[in-house]
Amino acid sequence: MTLLTGTMTAAGWLLTSDARAGAETQLDRYSALLQEKRALLRESGLLKQEAEVAATKSPYILFDPAARTLEFRIRGKTLKKAYSFSSIALDENGRRPASPEQIWKALQGPLTVLEKQGGRPELIPPDPETGREAGLLYSDPNQLAAQTGVVPVDTDAGLLGVDVPTDYHLKFEEDVVFHIRTAKTLTLRQKASSRLRDIAQSLRLSLAGLWGGGDSRGSVPRLSLYMTTDSDTAKNLHYSLLPGERVFTVPPPPPPITLIASKGAGSPHNGSRPVVN
Amino acid sequence: MFEPTPPKFAMLQRASSLPGRIARALILLLVSVLLISAGLLALQWSRDRGTAVAEVEMFEVPSDPAAIESSMGALEKEVRKLAAANARLQQRIHSMRPRGTYLVIDTGANRMYLMKDEQLLRDAIISTGSGVRLSDPDKPRSWVFDTPRGEFSVRRKVNEPVWTKPDWAFVEAGEDMPKRFSERIEEGVLGDYALDLGDGYLIHGTLFERALGLHVTHGCVRVGAKDLEAVFKAIGIGTKVYII
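So the sequences go chain by chain: A and B. For the first sequence, numbering that gives the first Met the number 0 assigns the number 0 to the initial residue and increments by one for each residue that follows. For the second sequence, numbering that gives the first Met the number 0 assigns the number 0 to the initial residue and increments by one for each residue that follows.
One chain only, chain A, in its complex shape (with noise of 0.2 Å):
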């Protein structure tokens, strides 16, 4: 039998490398059941919630972070092929990558879509005089290039033809933001610019951090992902969500944990409870 040592610390004993060593194939086990156990949890939240919207008409999203991608379902059948991506990471140019851990913790319930960037683009009514005759119904297009970034789509007279951006953000009503990218050769200028608002953006919520500020959701989204794709793709997706609808994250595997042994005799259930979240 081995006797685990450790030091005191105010949540209970940190196990010291000594005492891992004498215990390792123990506390691997009793680690591993943990993790299991967590991700089995995780997996279990997502099925009743998968669940409960399969129950009804209405279509969601599942996004897997693992296999970058999204799948669009109705009735827990994926009826849109997979929509993925080249990387999903946690600053612009993709030098931080979306770690499992921070995903773990951001995205536990269901994200709603609450707005998508350069959609609803306005229909002005044309001129009788003049609208038809130019064979568009939009009476500015430079209005409509202004709205969505892009040019009308060149169609036949009296079509409502519109193209989308293919950058652009999805916010979240749990104020999460995907910054949906397609993939740019930067030049030295831009790459440098690019650097510099990330140290800002970095040294901005620093400051918020110092002055306790550093948790107030107006300002800083709870995660910011950027997920690089092809153009068609962003496209396509910016067309298929509509504000409303819901996605689902397929869990990561749990992020690694730290045991800490307990002062008393642990009971069965000791094991299975955080201390420190």
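Since the hints were made in silico from the structure, they are not lab data. Glycine residues also receive a C-beta, built at the ideal position from the N, C-alpha and C atoms.
Rough simulated footprint, nothing fancy, chain B against chain A, three-plus residues with beta-carbon under 8 Å:
#1 50 to 60
#2 109 to 121
#3 248 to 261
In silico BS3-like links for lysine-lysine, alpha-carbon gap of 25 Å or less:
#4 Lys239(B) with Lys56(A)
#5 Lys104(A) with Lys170(A)
#6 Lys156(B) with Lys225(B)
#7 Lys56(A) with Lys115(B)
#8 Lys115(B) with Lys80(A)
#9 Lys183(A) with Lys170(A)
#10 Lys225(B) with Lys115(B)
#11 Lys164(B) with Lys178(B)
#12 Lys36(A) with Lys104(A)
#13 Lys138(B) with Lys178(B)
#14 Lys239(B) with Lys76(A)
#15 Lys170(A) with Lys80(A)
#16 Lys36(A) with Lys47(A)
#17 Lys76(A) with Lys115(B)
#18 Lys156(B) with Lys56(A)
#19 Lys156(B) with Lys115(B)
#20 Lys239(B) with Lys225(B)
#21 Lys80(A) with Lys239(B)
#22 Lys76(B) with Lys36(A)
#23 Lys56(A) with Lys170(A)
#24 Lys239(B) with Lys115(B)
#25 Lys138(B) with Lys164(B)
#26 Lys76(B) with Lys47(A)
#27 Lys80(B) with Lys47(A)
#28 Lys47(A) with Lys76(A)
#29 Lys104(A) with Lys47(A)
#30 Lys239(B) with Lys156(B)
#31 Lys80(A) with Lys56(A)
#32 Lys156(B) with Lys232(B)
#33 Lys115(B) with Lys232(B)
#34 Lys36(A) with Lys80(B)
#35 Lys56(A) with Lys76(A)
#36 Lys47(A) with Lys80(A)
With chain A's structure known, arrange chain B on it following the hints.
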């Protein structure tokens, strides 16, 4: 031989000459920039590191191996129970999947698929909603031209459908609202067939086949003549239509 040292005054004069002052200012500026940059990088590094450290969760474990063993037994039981419950939930979701003949409309790709269980029977290029908003300049009302999403079913099958123009068609065209109902009727614009999905949304034909594949409609689904005929003949009233 005695070499006179330059007077202190001359040294001071040289150091405070204009080029000297500029050089000193530049060095000072460079050092400041380097210090600020180092500070910013350190802040960023500490922020990244802080995030990583804050993420680690801690779990209590009994301190004596016998207690761990007994705790593990309970954990194993919980894990088995959870796995079984999840398998049941998966089965429940699986049982809700569409079966038989149904239509899938992909609004992102502007494609329609006629399916029988898992088998693809026909693939067609279509047109769906433009997503634009139109406001009535005379009344406080507006329309958004999206194709609705979700599960629908075919309520009616119509041969040689006739379009009853809704209010938005007149607002969009910059025309006055008609006084008589007959002024709203327009023949031959919806193709040979229409499948009614309810709430004014139809799957119908089009005069503008070259716009198939584009997001150009007011919410209806436009299909080419050949594909529409094939789909119209293959499905019946009540057939499910899944729009995503």
